[in-house]
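**Q** Residue strings, one per chain:
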Amino acid sequence: EAGVTQFPSHSVIEKGQTVTLRCDPISGHDNLYWYRRVMGKEIKFLLHFVKESKQDESGMPNNRFLAERTGGTYSTLKVQPAELEDSGVYFCASSQGGGFAGNTIYFGEGSWLTVV
Amino acid sequence: SQQGEEDPQALSIQEGENATMNCSYKTSINNLQWYRQNSGRGLVHLILIRSNEREKHSGRLRVTLDTSKKSSSLLITASRAADTASYFCATVPRDNFNKFYFGSGTKLNVKP
Numbered sequence: 001e002a003g004v005t006q007f008p009s010h011s012v013i014e015k016g017q018t019v020t021l022r023c024d025p026i027s028g029h030d031n032l033y034w035y036r037r038v039m040g041k042e043i044k045f046l047l048h049f050v051k052e053s054k055q056d057e058s059g060m061p062n063n064r065f066l067a068e069r070t071g072g073t074y075s076t077l078k079v080q081p082a083e084l085e086d087s088g089v090y091f092c093a094s095s096q097g098g099g100f101a102g103n104t105i106y107f108g109e110g111s112w113l114t115v116v
Numbered sequence: 117s118q119q120g121e122e123d124p125q126a127l128s129i130q131e132g133e134n135a136t137m138n139c140s141y142k143t144s145i146n147n148l149q150w151y152r153q154n155s156g157r158g159l160v161h162l163i164l165i166r167s168n169e170r171e172k173h174s175g176r177l178r179v180t181l182d183t184s185k186k187s188s189s190l191l192i193t194a195s196r197a198a199d200t201a202s203y204f205c206a207t208v209p210r211d212n213f214n215k216f217y218f219g220s221g222t223k224l225n226v227k228p
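Residue numbers (my numbering), protein chains in the order written: chain A, 1 to 116; chain B, 117 to 228.
There may be inaccurate statements among the hints.
As the list claims (entries may be wrong) - Heads up, simulated DSSO-like pairs for lysine-lysine below, C-alpha to C-alpha not over 30 angstroms straight-line: (1) A:Lys41 with B:Lys142; (2) A:Lys41 with B:Lys223; (3) B:Lys172 with A:Lys44; (4) B:Lys185 with A:Lys41.
Simulated from the structure, these hints should not be mistaken for lab results.
Start from the sequences, fold in the hints, and give me the full structure.
**A** Shown next, in the form of C-alpha cells:
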C-alpha cells in the first residue's frame, strides 16, 4: 500500500513567484493535514481537511496560502506570492479515523521549499 | 503556546550508550506521540502513550509520561549510528483530537 506522497520533494523559487505543493494521502483516509517547519523551528499545524471540507484552517499564516482538496482525494497547497520566510519543509499527513486518539497519523516525506 | 518543548535541543553520544530526551507541554492532553525525522526525510511515528498510561515500551524505546508534571521522556537504549535523527514529541489536546502540537525537536547524533 502506498504511503502519503508529496510532490515536489524539493523546490527552489524566487521571491514573488508561485509554488503549488501536492499531497496524495493514503487511499481511504478522509483526514488530511498540512504542517510546516520553517528555519529549524517547531513543526506547526496549518490546516485539516475531512474529505473535501476544511475542518480547521486556524494555522494558515496569511492569505498568501491557499489549500484545496477537490473531490476529497489529493490536496494542493499554493503559496502566492512566495516570500523568503516561507522557506521550510511542508509536511502532509493523513489518518483514517476522525481524531488522533489511538489513530496513527501517517506523514509524507515533505516538500522542501526554498525561496530566494 | 501549546507546543511541546523538547530538551535537550541537541545530544551527542557514542554508539551503545543510552539517549534520553525530554518533552514538556502546557495543556491537558489525550495522548502524546514521539516521531523521528531522519535528515531530509519525513516524520516516522515511533510510539504513542495515552494520558492514562505511565510507561510504554517498543523495542529499544521506552517512553514515560507524567501528566502531573506535564512531561514525557523518550529513552533509546543501546543506541546505534542509525538512530541519528531529530526526535519530536507531539501532543494531542484533550479538547481537540484533530491537532498535533509539535516542539522544535531534539537533534540526536550517535557517533560510531
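**Q** The structure should be examined with respect to each hint, and the outcome stated for every one.
**A** We went through each hint and held it up to the structure:
With a C-alpha separation of about 18 angstroms, the suggested pairing of Lys41 of chain A with Lys142 of chain B holds against the 30 angstroms cut-off. Straight-line distance between C-alpha atoms of Lys41 of chain A and Lys223 of chain B comes to about 12 angstroms, which keeps the hinted pair within the 30 angstroms bound. This hinted pair checks out: Lys172 of chain B and Lys44 of chain A have alpha carbons roughly 26 angstroms apart, not beyond 30 angstroms. Distance check on the hinted pair: Lys185 of chain B and Lys41 of chain A sit about 24 angstroms apart at the alpha-carbon level, within 30 angstroms; holds.
Violation of the numbered hints given earlier is absent; every hint is satisfied by the structure.
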